[in-house]
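Protein chains: 2
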Amino acid sequence: MHSYQEEFHPPERLLLGPGPSNVNPRVLKAMGAPLLGHLDPAFLRVMDDVKEMLRLVFQTGNIITFPVSGTGSAGIETAMVNVLEAGDTAVVGVNGYFGDRMAQIAERCGATVHRVETEWGYPLDPAAVRAELAKHPKVKAVGMIHAETSTGVLSPVAEIAEIVHAHDALLIVDAVTSLGGIEVAVDEWGVDICYSGTQKCLGCPPGLAPVTMSPRAEEVLTTRKTPVQSWYLDLSLLRSYWSNTRAYHHTAPISMIYGLREGLRVVLEEGLEARYQRHARNAAGLRAGLEALGLRLFAQEDARLNTLTSVRIPEGVSDTNVRGTLLKEHGIEIGGGLGPVAGKAWRIGLMGENSKPAAVLTLLSALEKILPQEGYEVAQGQGVGAAEQKLGEP
Amino acid sequence: MHSYQEEFHPPERLLLGPGPSNVNPRVLKAMGAPLLGHLDPAFLRVMDDVKEMLRLVFQTGNIITFPVSGTGSAGIETAMVNVLEAGDTAVVGVNGYFGDRMAQIAERCGATVHRVETEWGYPLDPAAVRAELAKHPKVKAVGMIHAETSTGVLSPVAEIAEIVHAHDALLIVDAVTSLGGIEVAVDEWGVDICYSGTQKCLGCPPGLAPVTMSPRAEEVLTTRKTPVQSWYLDLSLLRSYWSNTRAYHHTAPISMIYGLREGLRVVLEEGLEARYQRHARNAAGLRAGLEALGLRLFAQEDARLNTLTSVRIPEGVSDTNVRGTLLKEHGIEIGGGLGPVAGKAWRIGLMGENSKPAAVLTLLSALEKILPQEGYEVAQGQGVGAAEQKLGEP
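Line by line, the protein sequences are chains P and F.
In case it helps, this note's numbering puts the first sequence at residues -14 to 379.
In case it helps, this note's numbering puts the second sequence at residues -14 to 379.
Pulled out of the complex, with its shape left as it was, chain P reads as follows (with noise of 0.2 Å):
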C-alpha cells in the first residue's frame, strides 16, 4: 500500500504562520467551478474583473495590472527581469530575507546591484538610500520590501519614491504581507512596479502573483534593447494576453482565477479602509498579549506589520518544541525564523481572514499552556486577558 493510494484529508489547522492563511470558504467553492477554455468569452469577463478589482486593491489606474501565474517569489523576478538588463545598475534595500532574494534576483538579470544593508528589525532608512543613489550616476531601478517577511517590519514607501524619482530611477515594491490588509497606494506613492501573492491578505491560496506596472515602467520595458530574458513573465507578452486582443502567451490557471476573483471580491465588500483597520485592531491585541506574557517583540517598535508580528524566542525555550506543540496538539501553525533569525524568532501572521479575535486568543491561550513546559513561566491567562483588553479599544 503507498500513501499516494488513500484519499487525502488534511488535518485542520489554524495557519498563523507567514503564509499561506486559511481562506474564506467562498473562494474554495469558486475554485470547484467547472472548467472554462482560457479564451471562452465568459472566462474573459473574469479576467476583466479580476483586473478592475486588482486595480481598486492596488489603488491604481495602471494598465498593466493582473496576476503573473506563479507566487509571489515569480512577482518578485517579473519586476527584475522586465526593467532590467544586463550591465544596468540597480538598489535594493535589504532589511531582511526577501529584501536579499530581491537582490539576488536583480543579479540574475545580469544588472550590477548594491544593497542597502539595514539590521534586520528595522525599516529601510530614506537617507541610506538618498546617500547610495549619490554613489552612482545611472540607477535604472530601485527594490524594496514594503512588509518584509521575514522580520514583520514596514519600510515607508512613499517616501523613498520620492527620493527614486529625483534620481530618475524606477521604484519597485515588494507588497506581498500587505496588499490587502495594509495600505498600499501604487499612484499616490509613485510606485512603478508593485507585486504581490495571493496567500497572505487577499484571502486566497498561493499560486499566482499581482502584479501592477506604472506608464512609466511600461516605457522603460518598451524600449529595452534586449528581450526580457524570461519569455513566461515577459509583460509585453502577457499585457498583450491580458487586454483586448487577447494574444495567446500561455493558458491561465483558470482555477486560480476563480478564487481570486471571489477573494477579492470579499476584500472589496469588506471595504479596504475598514480591512486595513481590522488587520491594525487584531495586530495591537496579539502584541499586547505576547508582551503581557513577558515577550519581546522583534520589530522596531513605530514599524511593525499589522499583518506578521515577530517575536523573540525567550532564552531557554526551544523553537522547534514550541512550534511543533502548537501544530500537533493545538492544529496552529506559526512561522520559524528565517536566515539569521532562524531559531531565534517567531514569526506571526494574522493575515486575511485570520485577522480575528478568536486566533488572536487562541494563539496565546495555546502559548500559554505551552511555554510552562519549556520552564518558561507565565499564568494562565496572562496574556489572553491582555489581548482581549485591547480588542476591546474603541
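There may be inaccurate statements among the hints.
One copy or two, either will do: identical chains are not told apart, so a pair holds if it fits within one copy or between any two.
Claimed, not checked - Each computed EDC-like pair below joins lysine to aspartate or glutamate, with the alpha-carbon atoms no more than 20 Å apart:
#	residue 1	residue 2
1	Lys313	Asp25
2	Lys14	Glu(-3)
3	Lys36	Asp219
4	Lys120	Asp304
5	Lys341	Glu255
6	Lys14	Glu(-9)
7	Lys36	Glu(-9)
8	Lys354	Glu254
9	Lys210	Glu92
10	Lys36	Glu(-8)
11	Lys210	Asp153
12	Lys120	Asp73
13	Lys36	Glu203
14	Lys120	Glu147
15	Lys313	Asp153
16	Lys341	Asp33
FYI, nobody ran anything at the bench for these hints, they're computed from the structure.
Owing to the predicted nature of the structure, the values given are computational and were not obtained by experimental measurement.
Guided by the hints, dock chain F onto chain P, whose structure is given.
Relative to the frame of chain P, chain F by itself:
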C-alpha cells in the same frame, strides 16, 4: 453595478479544444480541501506522493521529478534555462507553434539556436536532426515536441534520443499534450528533460508543469558556469525544496498540488496502458467520423496524435461561425488554428476525462447540424454512424 459584484457561475462546457480539458470532479473536490502550510508534515507527505506518482507516469527513476509552480509554458522555460548558458549551442526541432516557442525561449537564454524546420503537419525527421547535429561541433542540447499541440503530430522520441546522445548532447522533450494520454517512457527512451502541463491528459486544471530531469542533465546543471538566469525556475534550488531537506524556496501552490495528487491517483487507478488504449480508441472513432463527413485530417497519417486531432476547415466554411455556434448553441469548445494554420484548421482535443465516446458523438452530431448552415452538405448520422462503428470495433 460592476460585473465583479455578481457571483460567477460558469456556463457548462464540453472542452474539446487544445486544453484545458474538463476535469474529474474528484480533482475539484480535492482542491477545495482546507489549506495546509507548505512546510506542514502533512503537506510534505502530499508532495512525496506527487513525486512518486509522477515518476510512474513519466516512467522514470529520476530524483528531480516534481511539478514546477507555473503552467506548461513555465515547463518549457524550466527545461531551457537550467541547461543553457550564454554562448551555448542548441538545436530545436520546429514542426509547429510550440517548437518555435521552444526555440525562442532557448534564444532568450543567450544560446545560439539552430532550427530543424519541418513542414507543419509532419513529424520531426530523425535524419534531419542527425544532419543538423553534424554541422555543429558542440551542441549542448536538442529540443523537440513529442506531441505538437498546434498540428496534432507525434514525433519519434526514442529514435532521436539515440542520435542526440551519440553527439553527447542532452535531449529535451515537450510532453505537454502527451503525458497521461500517450506513452512517455523517459528512462527507456533516454530523455534528459521532459515537462508537461496538468490541464491536458493528466485531468487537472492548468497551473502546474510536471518536470523530470535525468542524472546526466543534473550533472550539466551542477557544473554550469553561471547561475540559472531564472531564480524562480532554478532546479538546483527547487531540488532542495522538493527533497528531504525542504530548503525554503517559494510557497508551493497548495490547492493545485492537492488537485494534482488526486488527478494522478485517477490516472494510476485506470492504469497507464488502459489509459493509452482509451485515448487511441476514442481518437480513432473521432477520425473515422470526421473523415466520413468528408473532412480531411491535417496531420500526416501515421503521425496522428490520439490526444488531439487536427482537421482542415473545408473551403467556404467559416472558422469563426462554426466555432462560435458550437460554443454558443452546443456548449462545445474546439480550438482554432495557431500561426500559419489560423483559419485553416480546427484542433479537437480528446484528453483525460474527455477522451470518451460521448464526447466524440456529441461533437460529430453538432457538426452535422452546423456544417450544412455553412453550405457544406452532410447527412445526419453520416459522421456519428462511422464513429460508432469504429468505436464498436474490438
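The hints, checked one at a time:
Taking the shortest Cα distances, Lys313 and Asp25 sit within 20 Å of each other only across copies (10 Å), while inside one copy they are farther apart (45 Å). For the identical chains of this complex, Lys14 and Glu(-3) are neighbours both inside a copy (17 Å) and across copies (16 Å), given an alpha-carbon limit of 20 Å. In this assembly of identical chains, Lys36 and Asp219 lie within 20 Å of each other by CA distance solely inside one copy; the values are 18 Å within and 29 Å between copies. In the homo-oligomer, the alpha carbons of Lys120 and Asp304 never lie at most 20 Å apart, since the shortest distance is 42 Å inside one protomer and 60 Å across protomers.
Proximity of Lys341 and Glu255 under a CA criterion of 20 Å is satisfied intra-copy only: 14 Å inside one chain copy versus 45 Å between copies. Proximity of Lys14 and Glu(-9) under a CA criterion of 20 Å is satisfied inter-copy only: 15 Å between copies versus 23 Å inside one chain copy. Taking CA atoms no more than 20 Å apart as the test, Lys36 paired with Glu(-9) passes between copies only; the shortest distance there is 15 Å, against 39 Å inside one copy. Within a single copy, Lys354 and Glu254 get their C-alpha atoms no closer than 37 Å, and across copies no closer than 45 Å, so neither meets the 20 Å cut-off.
In this homomeric assembly, Lys210 and Glu92 come within 20 Å of each other (Cα to Cα) both inside a single copy, at 18 Å, and across copies, at 15 Å. For a Cα distance limit of 20 Å, the shortest separation of Lys36 from Glu(-8) across copies, 16 Å, qualifies, whereas the shortest one inside one copy, 36 Å, does not. In this assembly of identical chains, Lys210 and Asp153 lie within 20 Å of each other by CA distance solely inside one copy; the values are 19 Å within and 34 Å between copies. For the identical chains of this complex, Lys120 and Asp73 are intra-copy neighbours only, at 15 Å inside a copy versus 36 Å across copies, given an alpha-carbon limit of 20 Å.
In this homomeric assembly, Lys36 and Glu203 come within 20 Å of each other (Cα to Cα) only inside a single copy, at 17 Å, whereas the closest approach across copies is 39 Å. For the homomeric pair Lys120 and Glu147, the shortest alpha-carbon distance inside one copy (17 Å) is at most 20 Å, but the shortest distance between copies (56 Å) is not. Taking the shortest alpha-carbon separations for Lys313 and Asp153, neither the intra-copy value of 52 Å nor the inter-copy value of 51 Å comes in at or below 20 Å. Proximity of Lys341 to Asp33 under the C-alpha cut-off of 20 Å is found in neither arrangement, the shortest distances being 31 Å within a copy and 33 Å between copies.
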